[in-house]
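On the provided structure of chain A, position chain B as indicated by the hints.
Protein chains: 2
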Amino acid sequence: MRDDTLLYEEEETRKFSLRRLLIGDPLSTAQAIHERLTKVKALAVFASDALSSTAYATEEIMLVLILAGSQAIHLAWPLALAIATLLVIVAFSYEQTIHAYPTGGGAYIVTHENLGELPGLTAAAALLTDYVLTVAVSVSAGVAALTSAYPPLYPYRVALALFFIGLIMLLNLRGIRESGTIFAIPTYMFIAIMLAMLGTGLYRWYVLKTTGVPLPMPPRIQYEAQQGLTLFLILRAFSSGCAALTGVEAISDGIPAFKPPEAKNAAQTLIAMASLLITMFLGITFLSYQFGIVPNEMTHETLVSQLGRFIFGDGSVMYYLLQAATMLILILAANTSFSDFPRLSSILARDRYMPTQFGNIGDRLVFSNGIITLGLLSSALVVIFQGETTRLIPLYAVGVFLSFTLSQSGMVRRWFKLRTPGWQIKAAINGIGAFATGVVFLVFAATKFIYGAWMVLLWIPVFISFFLAVHRHYQDVARQLSLESTGSPPPIRRHRVVVPIGDVHRGVLVALNYALSISDDVTAVYVETDPTKTEKVLKKWKAWGNGVRLEVLPSPYRSLVRPLVRYVTRIDDRRRRDQVVTIVLPQFVPVKWWHRLLHNQTAILIHAAFLFRREVMVTDVPFHLHQ
Amino acid sequence: MRDDTLLYEEEETRKFSLRRLLIGDPLSTAQAIHERLTKVKALAVFASDALSSTAYATEEIMLVLILAGSQAIHLAWPLALAIATLLVIVAFSYEQTIHAYPTGGGAYIVTHENLGELPGLTAAAALLTDYVLTVAVSVSAGVAALTSAYPPLYPYRVALALFFIGLIMLLNLRGIRESGTIFAIPTYMFIAIMLAMLGTGLYRWYVLKTTGVPLPMPPRIQYEAQQGLTLFLILRAFSSGCAALTGVEAISDGIPAFKPPEAKNAAQTLIAMASLLITMFLGITFLSYQFGIVPNEMTHETLVSQLGRFIFGDGSVMYYLLQAATMLILILAANTSFSDFPRLSSILARDRYMPTQFGNIGDRLVFSNGIITLGLLSSALVVIFQGETTRLIPLYAVGVFLSFTLSQSGMVRRWFKLRTPGWQIKAAINGIGAFATGVVFLVFAATKFIYGAWMVLLWIPVFISFFLAVHRHYQDVARQLSLESTGSPPPIRRHRVVVPIGDVHRGVLVALNYALSISDDVTAVYVETDPTKTEKVLKKWKAWGNGVRLEVLPSPYRSLVRPLVRYVTRIDDRRRRDQVVTIVLPQFVPVKWWHRLLHNQTAILIHAAFLFRREVMVTDVPFHLHQ
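Top to bottom, those sequences are chains A and B.
Residues 0 to 626 in numbering that gives the first Met the number 0 are what the first sequence spells out, letter by letter.
Residues 0 to 626 in numbering that gives the first Met the number 0 are what the second sequence spells out, letter by letter.
Isolated chain A, as found in the complex:
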């Protein structure tokens, strides 16, 4: 019992509990300090999602291409170039959003404001879906980096992924906004080691090319063609690779976190991030192809791990650092969703499209419900798809590209409305962005549909209907509770009080005493399930009942609640708005919680039965046992 009431006992705020141990003491509202980020820190905070996708993007392109046999692999390079071009377009497009929405221009806000409710909700549904997928994909890929370095862990990948999701969830429930510095370490470590690997690799490739000095090449795995090299297959490979673009929008959501001048700093950070992303993605793709490294479906070793092992040498410290940095940045990428999902949910809750609970700030100043929901949903995905990145990829990025298209279209619309100086060029840039991402979205929908994208495309309208149903309900409630249309209720002239009793004991007398203090029209009722006991109750009532009338209600079917409901319905004249009926329920409260199970739960049934009847009040009168 003690533990349950802990939260409500003022004296015990600081007492030990598992909850406090895990997520920390409550923080007061005044403790919400906004830490402003320098560009260097901001890159670390916002870039992990985008940069980390280089850990799997090249591999996912190749995994599709090898379906047409090993010789199709050479297409990876032109596809990577196409994706890089797309990235440049998207980055320029978002750079404009940053300047237009210096207070934060997430896709939902931009779309809602410029294109209206339904497109806005579509963007929101698409984004929330992709946040869940980002966690599942990133954590799965992070675990793959770990199991590539230490293969015996491969069978435990689902458990490991769930552990990491749980850990991130817990950290976010504690609140990790003080984490700019913490973020910086793995992100810069990843950038540094990745650039070191690409530099070393390029140098060795150059030496190989120019001097003809033989390099020990890894054995090239040969794949038989399972199908022809169709345009569809090439577009599917392109779609898989577009996962590299996810996370590019992160900076435009978080502009207020930058040091002033916010918009300028954010835009510069975006350009830096895009440059790094293109460098790393193209570098990995180029070197893998040149060194003949292809995905290995037997050992489950990732492409980046194979590349790192080849360039740095098997068992070298640099190789292990690469794997560690890859794993950490992927887990950080998942963490990004843990701040984006709850924030977008809370914005939707504020706009009354999501349950109000998603807008509640927990006692650690975070949107706890959003964090927990994201943790549960992404864990479910990991279990369903068995922690395999490749199986999740067909679902991934569909939502992101839908939201890209919508938000860039919203920007175009905005330029046409505002017509600020130079709007034509800006509209053109956003228009190209919208067009390019829109085409890619359609390519996604077509090429990934049967591989899993159908789930996302089916889910988004369901999600939107949910938003709208919630919104309608809140509007209904607000209208019905509104004071505008109606005055105060009439004063109560007649107050009837009913005290249901099962026996005559001290708890009953306390309730009766209370009943007599609130009205002079009190009736006790005894539901007779066993006629042999009635006489005894009547006799006791005569002695202790304080002169109050006792009605005996027969219950031929032995139900305790039904005769009481029937009685109250009879005495409650619904036409009289100035009359109320109160049921005063004697309740004894045992000391130990399990003692409750030893008593009939009639009070709960009575509450449930009357909650749905108009105008009947139910008062609990507790009588505390002390043993």
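Among the hints, erroneous ones may be present.
[Claimed, not checked] To give an idea of the chain B side of the interface with chain A (calculated C-beta under 10 Å), a few residues:
#	residue
1	H472
2	I517
3	S518
4	R557
5	T618
[What the hints assert, rightly or not] Simulated crosslink set (DMTMM-like; lysine to aspartate or glutamate; CA at most 20 Å straight-line):
#	chain 1	residue 1	chain 2	residue 2
6	B	K535	A	E483
7	A	K539	B	E483
8	A	K416	A	E116
9	A	K591	B	D475
Derived from the structure by calculation, the hints contain no laboratory data.
Ideal Cβ positions, reconstructed from N, Cα and C, are used throughout, including at glycine.
For chain B alone, coordinates are given in the frame of chain A:
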């Protein structure tokens, strides 16, 4: 919503619902008619448990013996004779109980009355445990009869057993006391076909013996000795075979169900049952041995099925009738526990050793909670032991023999107390019964211990502690609620009412109106989690608050409940017994149940927080939405 309240809506008693479809309309108390049974019907009702055990008892003896190799099988016959002798002793002993307790002398009643509380509870714990095992063993053996006739069903035995348990549970929740005739058919069918098989078998054996005409004998399966033929093994085989004795006590529990003269009719039925049981058990054991039939661990075919197939011929109608009758009587045997377990539980609940809910008579005039509990526990056993009779046997009958011993000892004690004419002989008979069953119980405990009996022996004391803890709690409650030690509480002189509000709307005004009708000392409180909203609430309150004071409670940690608890604690002077505080909670009730999820569940938290504080009343004031 509709479905949940069905039970409480008077108009809807007869409305369609799944519950009504499955278990039928409620029955009124007046509909409880007692059907008196003739001896023929009574044998059918009470004998199924005892007779059905012949379906597996011989096999269980042999399964232990073959551990010492096939040549040990010949010991089955002398062991069966020993068990038959024990049965005669037990039957005579119980015959005396019947005459001494003509209103029903179950082991708990006899032991409790003559030996005291603790032995009585031991008998009760032992019996309840064995009822659960009876269901698991009988249904498993019944399913084995079915899968022996149709082997492809063997892999589905657990699902089949669970289906049968569910079916029996459902029938018992409907109430099947009108079932004397229904019981008669499978029981007499089983007796008839079993006797027919034994008669045919004996005739063929006789022909074989005397004329030397060769009989096509089934191939005798040879078992290698895995261990020596020790006394321990022989006693273990004996213990397994004693499962044949379970159910012998059933008649002495149900004497009032007989037509008058009840005791005489019951005693004669007991003798008839014991004779049939001995005939069938010895017959099966004798013929199996003579025809060289031994348990077949490869095909999972039961011994009785093999015997029937040999005597009646494979694929014959008689063979299939035998299997059908065996299955049916075993399921009937399980059904017996479904009346015994709830009845004993209700007696224990009446004596306040079990939670009072086990004494509730459901709307179909049955002890529904006992039935459901038994169904769940036996299903769990079936799942744990994978529906294999042999794995359950070591746990079985331990409890029965413990209760036999206790109740026969109780009878001895009784004769010494009463000293009615001829008491010495009666005491001697019960004494022999008590001694014999006591020795067998010790043999059980020793030989079956490591094979599973330890679970039962460990469980029984746990169960007794539970009985005693429950009893102590009920006594504590009765003492604390007693009116003897204290008078009526003092009349209430000061009544403070607190109305917590989150906003000012129609529901709040209804609650405020109610609060003003029960006291003139009303305060509204607003817990301030977001200071930017406070101004608006204060302004609205000024317009609509009816002049009532509004206190703003700061909540730095954004908890809604804690500041309220703190406030109430401050105003509630616990030293003044004539003062009460009521919290009047405005609650709006949505139309659809899922709409509830869209609102903060603060009301529930407030209820939970105050239920454990002395003297604070909580009143729900519902405001019904209509959309």
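Results of checking the hints against the structure:
no.: 1; hint: H472; result: 6 Å, holds
no.: 2; hint: I517; result: 4 Å, holds
no.: 3; hint: S518; result: 7 Å, holds
no.: 4; hint: R557; result: 6 Å, holds
no.: 5; hint: T618; result: 4 Å, holds
no.: 6; hint: B:K535 with A:E483; result: 15 Å, holds
no.: 7; hint: A:K539 with B:E483; result: 11 Å, holds
no.: 8; hint: A:K416 with A:E116; result: 18 Å, holds
no.: 9; hint: A:K591 with B:D475; result: 12 Å, holds
Of the hints listed earlier, there is not a single one the structure fails to meet.
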